[in-house]
Amino acid sequence: MKSIGKAAKFIALLAIIALVVAGAWWLWNRSESKTITAEFASTKGVYPGDSVRMLGVDIGAITDIKGEDGKSKVTMRIDDDQPVPADADAVLVAQSLVAERFIQLTPAYDGGEQIQDGAVIPTDKTAIPVEWDEIKNELMSLSTALGPTDDNPKGALSDFVDASDEMFDGNGQRARRTLEELSSTMETLSQGRTDLFSTVQNLQLFVSALSNSEDQIVAFSGRLASVTDVLNESTGDLDNALVDLDVAIQDVDRFLGNNSDKITRGVDKLGQATNVLRDRREEVENLLHVGPTAMSNFYNIYHPYQGTLNGVLAPQWLSNPMQFVCGAIQAVANNTAQGDAQLCQSYLAPMLNQMAMNYPDVKLATPRTPTAAADQIENGQKPGTQTPPGVQPPSDSPTARGTDVEAGADLTSLLSPGGGR
Numbered sequence: 001m002k003s004i005g006k007a008a009k010f011i012a013l014l015a016i017i018a019l020v021v022a023g024a025w026w027l028w029n030r031s032e033s034k035t036i037t038a039e040f041a042s043t044k045g046v047y048p049g050d051s052v053r054m055l056g057v058d059i060g061a062i063t064d065i066k067g068e069d070g071k072s073k074v075t076m077r078i079d080d081d082q083p084v085p086a087d088a089d090a091v092l093v094a095q096s097l098v099a100e101r102f103i104q105l106t107p108a109y110d111g112g113e114q115i116q117d118g119a120v121i122p123t124d125k126t127a128i129p130v131e132w133d134e135i136k137n138e139l140m141s142l143s144t145a146l147g148p149t150d151d152n153p154k155g156a157l158s159d160f161v162d163a164s165d166e167m168f169d170g171n172g173q174r175a176r177r178t179l180e181e182l183s184s185t186m187e188t189l190s191q192g193r194t195d196l197f198s199t200v201q202n203l204q205l206f207v208s209a210l211s212n213s214e215d216q217i218v219a220f221s222g223r224l225a226s227v228t229d230v231l232n233e234s235t236g237d238l239d240n241a242l243v244d245l246d247v248a249i250q251d252v253d254r255f256l257g258n259n260s261d262k263i264t265r266g267v268d269k270l271g272q273a274t275n276v277l278r279d280r281r282e283e284v285e286n287l288l289h290v291g292p293t294a295m296s297n298f299y300n301i302y303h304p305y306q307g308t309l310n311g312v313l314a315p316q317w318l319s320n321p322m323q324f325v326c327g328a329i330q331a332v333a334n335n336t337a338q339g340d341a342q343l344c345q346s347y348l349a350p351m352l353n354q355m356a357m358n359y360p361d362v363k364l365a366t367p368r369t370p371t372a373a374a375d376q377i378e379n380g381q382k383p384g385t386q387t388p389p390g391v392q393p394p395s396d397s398p399t400a401r402g403t404d405v406e407a408g409a410d411l412t413s414l415l416s417p418g419g420g421r
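Going by UniProt numbering, the residue at position 288 of the sequence shown is 288; the numbering climbs one at a time, nothing skipped.
For the record, the hints were derived by calculation from the structure and aren't laboratory data.
Among the clues, some could well be false.
[Said to hold, decoys possible] Below, simulated PhoX-like cross-link-like pairs (lysine-lysine); rule was C-alpha separation at most 25 Å, straight line:
1. Lys125 <-> Lys73
2. Lys71 <-> Lys125
3. Lys44 <-> Lys71
4. Lys44 <-> Lys136
5. Lys125 <-> Lys44
6. Lys71 <-> Lys34
7. Lys34 <-> Lys73
8. Lys136 <-> Lys154
9. Lys66 <-> Lys34
10. Lys73 <-> Lys44
11. Lys66 <-> Lys44
12. Lys125 <-> Lys66
13. Lys125 <-> Lys34
Build out the structure end to end from the sequences listed, making use of the hints.
Set out below in structure tokens:
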């Protein structure tokens with residue numbers, strides 16, 4: 001009994017020591033590592049204890065693998081002194097068909113935020129290798145498709161080889177030139193890759209602009225469809241218009257053919273007239289500059305209330321008629337012009353000088369009454385002016401329609417003030 005009690009105490013002591021050691025080991029591992037989980041579509045060929053690497057260097061190990069929700073969740077222990085970026089990807093790497101597999105974390109840490117303990121790497125950030133069975137199945141499918149069948153005993157691959165043989169038979173030099181030109185084309189594209197990429201980028205910007213302008217493009221397409229419908233409905237009218245246009249063009253062509261000489265002469269004369277206007281450009285500019293003012297002044301000299309011209313005739317040559325006449329004779333510029341001008345000055349000067357005046361003695365008979373009724377003239381008197389003394393303003397009487405002339409009146413009475421009444 002004493003030996004049994006001693007054995008029980010010894011076993012209990014060993015259990016306590018084991019618990020203490022396990023707890024210390026767990027605390028040490030917890031403080032010196034961190035645990036992350038990666039979700040894979042499948043985890044063939046990888047087991048707990050396999051290594052976790054970064055840039056080919058072991059930084060941890062796989063501690064657990066379990067399936068959940070159609071995915072394989074791999075729990076990994078990463079050494080705490082190995083920094084891993086927060087956006088790291090996990091890749092299941094198979095170096096060969098028979099070698100063990102491992103998980104590679106990428107990219108390497110080069111600064112920034114680190115992955116935290118308990119983080120999960122989702123399926124869209126993990127990758128698995130293509131399995132040999134899948135490659136073998138695809139190769140079998142390819143060989144079956146290229147091999148002989150009931151419809152084609154020779155097989156598609158044999159047909160391809162025969163067709164290639166017929167195509168290249170006697171065309172070796174052409175094929176060589178084609179490959180050389182293709183090589184030159186690729187070299188040109190390589191040398192202009194910067195421009196090519198710029199073109200692609202600009203095309204991408206153009207496509208983006210079109211995408212952002214979808215509403216405007218749809219509206220434009222709708223309007224274009226409406227225009228197309230209108231044109232479609234007006235096909236008959238368009239046909240008639242085109243027929244009429246064809247007839248008109250034929251008439252114009254016939255007219256030009258029959259009158260080409262006349263048109264040529266007319267255009268030539270028009271060109272001459274244009275040249276004259278161009279040579280007299282300064283005079284034409286002066287005429288256009290002064291003409292409107294002169295016409296306006298001439299229009300304003302007429303006073304509708306009294307029917308009079310409120311201006312005087314002032315030709316400049318009347319102040320010196322001798323110079324005007326004799327100068328005109330000298331301006332002929334022939335062999336006798338100088339002598340003729342001197343004779344004009346000798347014989348005609350006394351008479352011409354007697355005719356000198358500043359204003360010609362030209363007068364008009366002024367009516368004593370208005371020549372128009374008030375309802376015939378609107379705003380005849382300028383604003384801010386008064387009727388001159390001795391002149392009657394327009395009468396509002398409907399009987400005032402001008403001057404009444406008595407029958408049988410002679411010229412003297414008509415020209416005298418108040419005559420003709």
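Self-check item: Hint check against the structure, violated hint numbers in rising order
Solution: none
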